[in-house]
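These protein sequences, in sequence, are chains A and B. Residue numbers for the first sequence follow the working numbering, so the first one is 1068 and each next one is one higher. Residue numbers for the second sequence follow the working numbering, so the first one is 506 and each next one is one higher.
What the hints contain is simulated information worked out from the structure, not anything from laboratory work. Because the structure is a prediction, the values reported are computed rather than measured. Among the hints, a few may not be true.
Pair ranges (Cβ atoms, derived) [as the list claims (entries may be wrong)]: (1) A:P1160 - B:Q657: 23 to 31 Å; (2) A:K1136 - B:Q607: 23 to 31 Å; (3) B:Q678 - A:Q1148: 38 to 46 Å.
Reference listing, derived: stretches of chain A covered by chain B, where coverage requires no fewer than 3 residues with Cβ under 8 Å from a Cβ of chain B [to be verified]: (4) 1084-1090; (5) 1098-1106; (6) 1126-1138.
No residue lacks a Cβ here, since even glycine has one placed at the ideal position from N, Cα and C.
Chain residues, written in single-letter form:
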Amino acid sequence: MAHSLSPECTPLKLEYDACFNAWFEGYLEPAVAASASTAQREAYSHRKAAEFQEKCGKVWESYRLCVQKAVKDKGLEALLQQARDENPLTEAPPPPSTAGKSSS
Amino acid sequence: MHFFSQAFDYEHPWSHVVIGMWHKYPNPKCSHVISIDVVDRSVDPKTGIIRTERVLGCKQKTPTWIVKLFGGSEDAFVREISFVDPATQNATITSVNLSLSQFATCYERIQYSPLSTSRTQFSQTAEIQARMTLWRTASDGLEKWLVQRFEQNAHLGKLGFTDVLRTLWEERQMQRAHS
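Okay, chain A solo, but in the shape it has when bound (with noise of 0.2 Å):
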């Protein structure tokens, strides 16, 4: 795994790495499948939403702190900052419309 912008937080970051891929290698093929009906959607992606905060949870809250410290080191902060403003993109954005290589 690629390391952090700042070399004191490549160990945290690859501690959380490993942790959220175990955690999501798990989740993905079960959530596919629970997708079949909303109340099972509801109920998996509830449990493994709490089940990521308790196994994750905390090395996620030392090594966020590590790198909010190196995103205003590296005078990334107001960039950052700019760029949540002017595209929040909390919600996933309408797919590109590309479908498939056109022929023009």
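Start from chain A and add chain B according to the hints.
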């Protein structure tokens, strides 16, 4: 304004591609990406959609005139937001440059969606636009350079991710066979 788009298929199931997404870097074919950090992530307890905001650090040779004129440097940073929706089996990734963003924006969208149980479609579009009324030759030059760089990286990204997916899932298949 410059546009770029491409689409192709990966010979892997959607879930494998989306798991592989988090293993794409570091990648010898995409050595320009040198750091990746998650700055925000949420798992929606109702919909199961995972939203991730990351900051990618890239190092790439910049033409001297761009450095001189726009005060850029070799380090460039990108903000990337991804959504993984298991219900619709869609993964979308949106990225925009943070560096040089006062002069030009490169807005990229990627989508992975299943074509069949064993194939995944990748589609990518990018809009590259100089932001201010720059002196025209300079803004054209900047856009053109960004487009060239984007096309080069898009090509390497495809090669690199193809390798990652093959290695990742071949290794795991071997492990399963031996266990």
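These are the hints, each one checked on the structure:
no. : hint                         : verdict
1   : A:P1160 - B:Q657: 23 to 31 Å : 25 Å, holds
2   : A:K1136 - B:Q607: 23 to 31 Å : 24 Å, holds
3   : B:Q678 - A:Q1148: 38 to 46 Å : 44 Å, holds
4   : 1084-1090                    : holds (count 3)
5   : 1098-1106                    : holds (count 4)
6   : 1126-1138                    : holds (count 7)
Every hint, counting from the list given before, is met by this structure.
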